[in-house]
Every structure is written in structure tokens, then in C-alpha cells.
Amino acid sequence: MKAVIMKDKLINFFEMLGLTWATPVVKISTGEDPREQLFELGRLIGLPLLAIMFFLFAWAGIAKQIDTSLGQLPGPAQVWEQTINLIDEHKQERAKEAAFYQRQEARNQKKLEENPDAEVKIRPYTGKATFIDQIWTSLITVFTGFLIGTFIAIPLGIACGLSDKLYTALSPLIQIFKPVSPLAWLPLVTMVVSAVYVTSDPMFDKSFLNSAITVTLCSLWPTVINTAVGVSSIDKDLINVGRVLRLNWYTKVIKIAIPSALPMIFTGLRISLGIGWMVLIAAEMLAQNPGLGKFVWDEFQNGSSNSLGRIMVAVLVIGIIGFILDRLMLTLQKFFSHDKNAVLR
Amino acid sequence: MSMNDYLQLSKVTIDFPTKNGPFRALNQVDLKITEGEFISIIGHSGCGKSTVLNIVAGLHQATEGGVILDGKEVNEPGPDRAVVFQHHSLFPWLSVYENVELAVKQVFKGQKSKQQIRDWILHNLELVHMDHALEKKPSEISGGMKQRVGIARALAMQPKVLLMDEPFGALDALTRAHLQDSVMEIHATLKNTVIMITHDVDEAVLLSDRIVMMSNGPSATVGDILDVNLQRPRDRVVLADNADYNHCRASVLKFLYERQKSPQTSSVSGVDSTPTTKPVKSKKVA
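Quick note, the sequences are listed as chains Y and V, same order. Our numbering numbers the first residue of the first sequence as 237 and each following residue consecutively. Our numbering numbers the first residue of the second sequence as -13 and each following residue consecutively.
Everything labelled a hint here was simulated from the structure, so no lab data went into it. Warning: the hint list may mix true and false statements.
Unchecked claim - Below, computed lysine-lysine pairings styled on DSSO-like, alpha-carbon distance capped at 27 angstroms:
(1) Lys95(V) <-> Lys472(Y)
(2) Lys442(Y) <-> Lys414(Y)
(3) Lys122(V) <-> Lys570(Y)
(4) Lys491(Y) <-> Lys100(V)
(5) Lys364(Y) <-> Lys332(Y)
None of these values were measured; they are calculated from a predicted model.
Please build the complete structure, drawing on both the sequences and the hints.
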């Protein structure tokens, strides 16, 4: 009995994470009709594997046919090679950095030994940003932009959902700003940031702010709209319960409006993060802000025989990270949805 | 104030605005209810029986006339007139216990200690036999159980009058019978004043002290009131052969099907008898 509950919990956990293929694995390990479960496993893992194999072969075949000014279009093998290269470069860079700090410390130590009152300087390492550094920069930027957007979008969406008048008033503005491309926002954002953000000791790089704010401006809207719809479509009976209980405005918002709209809010957030990630790469590319977009652009300008392979690595990594971010949000969405039977994909 | 005036509806009239001018749903509804009485309001669908309940609840405002409960005029919704809605209306993200807790904490804020609040929640869930599922979410329990929790939540507000809007309408016959028995048991224990909207003749006769029969709309009003003088506690199986019971049943049926034909067959040409628009009251939270 206990084992059965454990099993169900495990299966629920994996399905929550979107790892549906783990279900048959759990079932096999608990001795549930192995043949049927193996068949299920074959369906859930085998079919996608088949499709990926087909894609790789097609890619390899087509790539050989295309000659560019930078040499042949790289196939899967060359891309794999470049992946290893990029990771090695990262390791080398880190080793250099460690060595730099070690030298610096040794030097400072020596200075102090000679003269205990000597002023020692600690300089930061200024090496080239590697591919993996760029991934981190991009992730930090996208989450910053997304969080700023969320802090604006959810309250705005709740306000719009609560007040028909406000929604009617703001709706045209929302509809107009929603489809604007990041490339159109970017020059404006850049100019405004350099005009407004003037300090002698900046906490953030301007380029970082430019990308993050562009992400905010583009990813804000789905959350605003979904939150507004979620809040305005609360079950009328639930509102009447609130009226009978004479809940004050604040309690109604906290105890009824927000929990009831939560699944919709997370749907909006999931779309917003997806858009944010897409927008970020374009913004980084155009504005030469650090991040994956800049990496792609630099490689393109570099024009070595390895460049196309390295760009393809970036393309795949961008895709995989986007996929992981989406799964992450889907898991949150499932967790906060009170209708656990709803099919979300 | 006489015993008979605990809850008093006087000349309650309500108009709903429509494109073709105001639609009069209720006209001059008069009703006096004694403390502890169980009243059913029965009528064809669209006759405005739920509207009567909503006016008593304060969810709708009468255009003319008014409601006086225990010497005070009703102007807005409040926990002294707790409502059991047809579709349970439990908060889906809260557990059974938390659903009742939300109401208890709001109503008895500053009056009960933490322990007293907990005891009161459990007491009310015991009354409806739902104390075994405290941590369950509404999506994990059956329709009948949800309605039981809805009743517990309403009872926990310790209302002066309990309003039930077709509380068993969405349930299957067996579940409905169980719940009717529970409601009779609770009424016997607590002696609370109840108004129940129903379209089920057997239910009305079995549960009520008096049955208010509504005429068809538009301009619906109280058509007739039937006293049900059956001894309590009542047993549905025993009553099936009881002459008084069957007489009551027959009177209600006669009213509904002879004096008030179903609105579909009796509607005046050109006038739709069912209101298509709900009142102008805002449906928003704010």
C-alpha cells in the first residue's frame, strides 16, 4: 500500500516536470506489466529519437551540398567539434584567470612582507568572455528584464481585471505596444538609458540595462492581458461569497482575485518568458550588448572557417535553453493550477 | 414586533433594465417568516424565485419595497444571511477546512480565540458529516460532499436566516435524498430559519413548514402559501403512504400544473417570460 502511494507520488512528480517518459520507467521498476511498459517507453523515447536521427542525417546530407564564403556549411560532426572547442576555451580561460589571481596574490604577499604598510591593489581579471560566460550573461539579463516586466505586468493586469473602465481605457495602448519589435525599441531605450542613467559609479552596465529593458518592454504584454482576463473571469458565485462575507477590497483581491487568476497569470508569464528570450538574442546582436546574441554577431564578423560551426552551437544552445525555460514555467504553471487534470503542454 | 415578523418582505418589486425598457421580474411580493421556520419557494423556472432569495441576501436591490430581518432593513449582503449556492461555490484552491475557515475567520474576527475558531470549524463540518475530509481540495470530493461543505460554511457564519438556492439541484437523486436528510437533521438540532428555493415538489413537502408557490413571470408574485402540518422528524419512506403528505404534494402539483401552466405554454405573445438580462449590479470584485 505504501509502495503504491510512493509510486504514484513519483509518477506525479515526473509528470509535473514534463518528463512523461519517466512514468513507464517507474512502472517497470515496480514490476508493473513490463511488456506494456516497454512498449510505452519505446513510444515516448523511441519516436523522438527516431526523428532526431532523421534530422541529423538530413542535416549532414544537406550541409555537404552548401558551400559558403566561409567554407562548407558545417554538419553535426563539425558542430560537435566546435562544442568541445568552446568548452575547452572556457576551461583555458578559467585556468588563465586562476593563474592571474595567484600571481597577483603572490605579488601582494611579497610586497607586504617587504613593507607591512604597503598599499596592495587587487585588480579584477579582464579576459575575453567565453561562450559559457555569454550564456550566463544572457540568462541573467533575460531574468532581470522578465522580473521587471512581471512586477509591472501583474499589478497592471490585476487592476485592469478589476476595473472594466481601466481595461477599456488601456486596451488600445496595450494592443498597440504588444506587437512592437525589440529592434524598434532598442535605439529608443539606448538613448533614454544613456540620458537618464548618469552616475559616476554605475551599478549596472548601460548595455545590460539596454537589453534588460528591451526584454521588459516586449515581454510585458502577454502577462498583462492574461492576468486581466484571469481576474475578470472569476466565477460570479465566488464573488458573491465574498460579498456575503463582507470581505474588504484588499482581502477580496488577495483571497479571491489573485488565487483564482493564478493559473492564467502563469500562462501569461510562460509566454512572456518565451518572448523575452527570443527578444534578448536580437537585442544583444543589434546593440552589441554582452550575451549570446553578441557571441553570434562576433563570430559572424570574425569570419573564420570555424565561425559557422560556432554559430550553430549557439543556435542549438539558444533553442535548448529556451526549451528548458519553457519547461520550467510549465512546471510552475502546473503546480499553481488548481485544476490538476487540465492538460497543459 | 410580533413573532411572525422575524423576516418580512413587503411589496418587493424588482425591475431589470433591458434594451426594450425595464423588465418587471417580481411584483409586490409579500411574505412574513417566523423565527425557526423552514420555508420553500417553488415555481416554474424563470418565475424569479432565485431573485427573491437574492434580494433577501442583499445581492440584488429591490426597485420598490424592502426586506426587514430581525427589526433591521436589509441593504447589502452580510453573513447574517448566509447563502448556499446551487453550484457549491467553494474556493477550488482551498481545502475543505480552509474554505470554512475563511468564512469563520471573517465573521468571528476578534470574537473567538484560535482554539475556539478551530473547534467551531470542526463542529460545523461534523454537522454535515464532512470531518473526515478536512485536507481534501474541492476537486477531490464528490458533488454531494462539496454541497455539504457549502452548507457547513454557511452554517458556520451563524446566520439569522440560511438561504439555499436550489442546493440539491445539481445532484443525483440518491445523493439528494441523503443531503435532504442531513438538512432536516441540522434544522431539528439548530432550529434555524431557512429559505430554500426548489423546483422539486417532494423536496419542498418533505422539508418545509410552509411552501410559497410563485406565479409565473413577468411580474411574478406569491401565488399561494401551503402549510405543511406534518409531524417532525419526517421519514420519506413512511410519508410515502401518508395521506396528509400526499394531499400536500397534490396541492402543490395542482398549483404548478393547473393554475400556473409552465411558462412555455402560457406565455403571452410577444413577451418573453424569462428574464434574459441579469440586474445591473456589478459582477466585479471591486
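Tested hints:
| no. | hint | in the structure |
| --- | --- | --- |
| 1 | Lys95(V) <-> Lys472(Y) | 25 angstroms, holds |
| 2 | Lys442(Y) <-> Lys414(Y) | 24 angstroms, holds |
| 3 | Lys122(V) <-> Lys570(Y) | 18 angstroms, holds |
| 4 | Lys491(Y) <-> Lys100(V) | 20 angstroms, holds |
| 5 | Lys364(Y) <-> Lys332(Y) | 11 angstroms, holds |
In this structure, every one of the numbered hints holds.
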